[in-house]
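As you go down the protein sequences, you meet chains A and B in turn. The first sequence begins at 49 in the working numbering and counts up one residue at a time. The second sequence begins at 265 in the working numbering and counts up one residue at a time.
These are computed hints drawn from the structure, not numbers from a lab. Just so we're clear, the structure is a prediction, and the values are computed from it rather than from any experiment. Keep in mind that the hints are not guaranteed to be accurate.
Claimed, not checked - Among chain B residues calculated to face chain A with C-beta under 7 Å, some are: (1) Glu307; (2) Glu354; (3) Gly395; (4) Pro401; (5) Val456; (6) Tyr506.
As the list claims (entries may be wrong) - Now the stretches of chain A that chain B is said to cover, found in silico as 3 or more residues with beta-carbon under 8 Å: (7) 257-270; (8) 333-340; (9) 459-469.
As the list claims (entries may be wrong) - Which residues of chain B face chain A? A partial, calculated answer using Cβ under 8 Å: (10) Leu302; (11) Gly353; (12) Asp375; (13) Tyr449; (14) His459; (15) Ser508.
Glycine residues also receive a C-beta, built at the ideal position from the N, C-alpha and C atoms.
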Amino acid sequence: MYRSKFWVYLFLLLIAGTSAVPASAFCGFYVAKADATLFNNKSEIILVRNGQNTTITMSNDFKGDVDEFAMVVPVPVVLRKDQIRIARADLFEKLDTYSSPRLVEYYDPMPCMPEYALEVCDAVALSSSRMNLSSMMVFDAATNYGVSIEAQYDVGEYDILILSATESDGLKRWLLNNGYKIPAKAEQVLEPYIKDQMKFFVVKVDTQLFASSGYQELSPIQISFESDRFMLPIRLGMANSQGTQDMIVYAFTQEGRIECANYRTVKIPTDRNIPTFVKPKFGQFYTDLFEKAYHREGENAVFLEYAWNISPTFGVKCDPCNGPAPIVQDMMNAGVDWVDARNGQPQVFFTRLHVRYSRDEFPQDLLFQVTPNKEHFQGRYIMTHAAQGDMSCDEGQAYLSDLEVRRKKEVDELYALTGWKKDNAVNYIHEFSNQKKGEVFPIAIPGNGGKPGGMLMILVLGMVLSIGWWWVNDRRLAI
Amino acid sequence: MPYSSTLSLSHSDRKSLDPRDFQIVFLASFLLYGIIALDWAVEWDKYVVLLVTAVVVQLGFEKAFAKSKSSWKSAVITALGLSLLLKSGELWVLALAITLAIASKFLLRMDGKHVFNPGNFGIVAVLLLTGEAWVSPGQWGSGIMLLLFFGSAAAMVLLRVGRIDTCLTFLITYGVLEYIRTILYLGWTHDVFFHKMCNGSFLLFTFFMITDPVTTPNAPKARILWAVTIGGLAFFLSNWMYISTAPIWALIIVAPLTAVLDRKFKHQLFQWNR
Numbered sequence: 049m050y051r052s053k054f055w056v057y058l059f060l061l062l063i064a065g066t067s068a069v070p071a072s073a074f075c076g077f078y079v080a081k082a083d084a085t086l087f088n089n090k091s092e093i094i095l096v097r098n099g100q101n102t103t104i105t106m107s108n109d110f111k112g113d114v115d116e117f118a119m120v121v122p123v124p125v126v127l128r129k130d131q132i133r134i135a136r137a138d139l140f141e142k143l144d145t146y147s148s149p150r151l152v153e154y155y156d157p158m159p160c161m162p163e164y165a166l167e168v169c170d171a172v173a174l175s176s177s178r179m180n181l182s183s184m185m186v187f188d189a190a191t192n193y194g195v196s197i198e199a200q201y202d203v204g205e206y207d208i209l210i211l212s213a214t215e216s217d218g219l220k221r222w223l224l225n226n227g228y229k230i231p232a233k234a235e236q237v238l239e240p241y242i243k244d245q246m247k248f249f250v251v252k253v254d255t256q257l258f259a260s261s262g263y264q265e266l267s268p269i270q271i272s273f274e275s276d277r278f279m280l281p282i283r284l285g286m287a288n289s290q291g292t293q294d295m296i297v298y299a300f301t302q303e304g305r306i307e308c309a310n311y312r313t314v315k316i317p318t319d320r321n322i323p324t325f326v327k328p329k330f331g332q333f334y335t336d337l338f339e340k341a342y343h344r345e346g347e348n349a350v351f352l353e354y355a356w357n358i359s360p361t362f363g364v365k366c367d368p369c370n371g372p373a374p375i376v377q378d379m380m381n382a383g384v385d386w387v388d389a390r391n392g393q394p395q396v397f398f399t400r401l402h403v404r405y406s407r408d409e410f411p412q413d414l415l416f417q418v419t420p421n422k423e424h425f426q427g428r429y430i431m432t433h434a435a436q437g438d439m440s441c442d443e444g445q446a447y448l449s450d451l452e453v454r455r456k457k458e459v460d461e462l463y464a465l466t467g468w469k470k471d472n473a474v475n476y477i478h479e480f481s482n483q484k485k486g487e488v489f490p491i492a493i494p495g496n497g498g499k500p501g502g503m504l505m506i507l508v509l510g511m512v513l514s515i516g517w518w519w520v521n522d523r524r525l526a527i
Numbered sequence: 265m266p267y268s269s270t271l272s273l274s275h276s277d278r279k280s281l282d283p284r285d286f287q288i289v290f291l292a293s294f295l296l297y298g299i300i301a302l303d304w305a306v307e308w309d310k311y312v313v314l315l316v317t318a319v320v321v322q323l324g325f326e327k328a329f330a331k332s333k334s335s336w337k338s339a340v341i342t343a344l345g346l347s348l349l350l351k352s353g354e355l356w357v358l359a360l361a362i363t364l365a366i367a368s369k370f371l372l373r374m375d376g377k378h379v380f381n382p383g384n385f386g387i388v389a390v391l392l393l394t395g396e397a398w399v400s401p402g403q404w405g406s407g408i409m410l411l412l413f414f415g416s417a418a419a420m421v422l423l424r425v426g427r428i429d430t431c432l433t434f435l436i437t438y439g440v441l442e443y444i445r446t447i448l449y450l451g452w453t454h455d456v457f458f459h460k461m462c463n464g465s466f467l468l469f470t471f472f473m474i475t476d477p478v479t480t481p482n483a484p485k486a487r488i489l490w491a492v493t494i495g496g497l498a499f500f501l502s503n504w505m506y507i508s509t510a511p512i513w514a515l516i517i518v519a520p521l522t523a524v525l526d527r528k529f530k531h532q533l534f535q536w537n538r
C-alpha cells in the first residue's frame, strides 16, 4: 500500500521535474543577440578536431603596449613553421554573432479580428569576450637553464619560439631573464607540463614589424598539430588568478558536437518565454542568466550555447539567424581542412561552448571529446507582443485574461532565469487590464518554473535511498 | 556448499534479499538524480526502448534455452546501466546495444558463466560497430559527494554479493598509480588527483560495473588479480592513450581472463538467490 503510494509520488515527481515545456516552433527573425563582448576577462578559441589533428586559433584582444605582450601555451609536440599561421580577426566576430544566444519576437494575432492573425517573429543576439594572455620575450643562451629552443619562427607580427625544458625553475628563470612577465606562481604549474613532455609555444610581438604593419590590433594565432590529446590547457592562465575567466569555444568537427570529457557539459536554459520589456536589456538579461546558471550548476560546468550542422550542403543553418552562417571560406580560415569543393559533400558540425572557470573549481585542464551527437541546439529566448486594439468581443476578453496569466508566467520565468526582481513587473502584467469588462480578479500565482533547488535533490535522493532500504527490510520482516 | 561467505542470514532471509532489488532501486535513483539535479536531457523513449528490449530479449533467450528460472531482474539492471552510460541519437542503436548485451549472456559463455559484463559488452559493441553511440565520461561531474553517494549505495549491494574486494582492489590499484603519476611524478596538486578519482562515471563503473558477481572470477584471490589487471590497464589507457573512457575498454579486454583465473583458482560459482 505504502509502496504503491511511493511509486505514484515518484512518478508525479518525475513528471513535475521534467515538464519544462519547450516553447513553440522556431521562427525566422532575430531581434537581439547576447554576444561575447558582454563578458569581461574573456577569451575566445576556435577548435577544429579531425581524427588526431587539432587546430587551435586563439583570439588576441591584448589592449596594452604590445611590448608587454607575451603568451605561453603548452603544446604536445614541436610545431613546424607551416603549422603556425595568422588568422583573420573578423572570424571570431562572425562565429560569435552567428552562434550567440538570441532573443526572438512574436506578435499575438488580434483576437477580435481573426483575419489579421499574423505571427511575426524577430530575434536579438549576444556575443563573447577575449583571452587573457600575458608575458614577453628576447632570447638568451638557453642551455644553462635546462631549456632547449626547439624551433624559432617569425609569423606575421609575432616572434615565436618552441621550447622544451627539463625543469620548471630553469624555464621560469629563462622566461623572466628574457623579458617574459610570467605569473609568480607559474613555476608550480609549468612543472607538470614539463614532466608530461609538453613543449611550450612562446610568443611575443615584433614591435617594429607591428608598427610598420599599420594594424591597431594583434592578430589571432592559429596552430595545428597531430596528437591523441584533445584538450585546452587552462591551468597556466590561472596561475596568478584568484577570480574567474570566461572562455568561449567555437568547435568544428566532422562527426557532431564536442563535449567536455572531465567536466559536465550542460545546456544553457533555452526556449523560455520572457517579458517584452527585456528587449532593450537583453545583453544584461543573458549575462545575469549565465551567472545564475553558472552558480546553479555548481560553478564547475561547461555550457552548451549552440550546436548546428553547418555543412555546406545542409539547408537551414540557424533558425532564426543572428548573423550569417560560416561559409566555406570561413571554415577554411578556421582550419577546417576537409571542407573543400573537391571533397564531395563534406560534413561540418559546429559547437559553441561557454565555460567560466576558476582555479578552485577547475583543477584539471579541459579535456574534450568528439561525439556523433548531431542534435541542434541554440540559446533562444522568446518574447511575445500583445495584440492591441478593440478587445470588447468575447474572444478579446478571454484573450486579456489569458494574457495576464501568460505575463505572470513570463515574469516568474524571468525571475527564475536571472533573479531579477518581480516588483517592477506588476504594471507589465496588468498593462491591458483596464480593457477588461467588470471586476479584475487577482490572478493565481503560477510556479516559478525553475528547477528544484539543491535541498530538494538531497531530499529526493534521501527518500529514494531510504525507501529502498525500507523496502528490502520490510520484505525481510515479512518472512 | 552454498555460497555464503558474506551472508550470515538464514536461508529464507537470504532468499528474500535479492541484491538485484537494491541495484534496480539504486540505478533508477541515479538516473533520477542525473535528470533532476544534473540537468540531463530526459529521454523517456530511450529508457523505454532499453527496458522493453532488455526484458523481451531476455525472456526470448530464456525460452529458447529452456531456462527454468527467469533473470529478468538482471536484464532490467543492464538496461538501467545502459540508460546511465550509453548515449545515442538513434533508438535502434540503443536497441542493438541492449540486444547484444543480453544475447552475450547466453551466447558467449565459458565454464557455465558468461564471459563479458553484458552492459560493458553492449556499450563497446555499438561504439565499435555503429559510430552512432558515445559515452559521456563528464556527465556526472566530479565530487566527494558522488564518492559517498555511489559508494554507500554500492556497499549495500556489494556486501551482499561479496564483491567489495573487487571494487576496492580496482580503486586502490588505479588510485595508487594515478597518485604516483599525478602527484609524485608530474607534481600536480592534490585537487587534480581528487578531481580525477571522484569523476562520477569512473565511480559508477567502479562500484556497479566491474563488480558484477557473475563475470568476476569466483575465487577471492583471482578477483584481486583480475581487478589489479583492470586497474593497471585502465590507468595505462587513460594516461598514455588519452582515452577518456579507459575503464570500459580495460574491462572488456580483461574480461576473458576470468575463465583462465577460474581454472587456476578453483572456487564455488556465484549464483543469485541461491
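Item checked: Hint numbers contradicted by this structure -> Result: hints 1, 2, 7, 8, 9 and 12 break, sorted rising.
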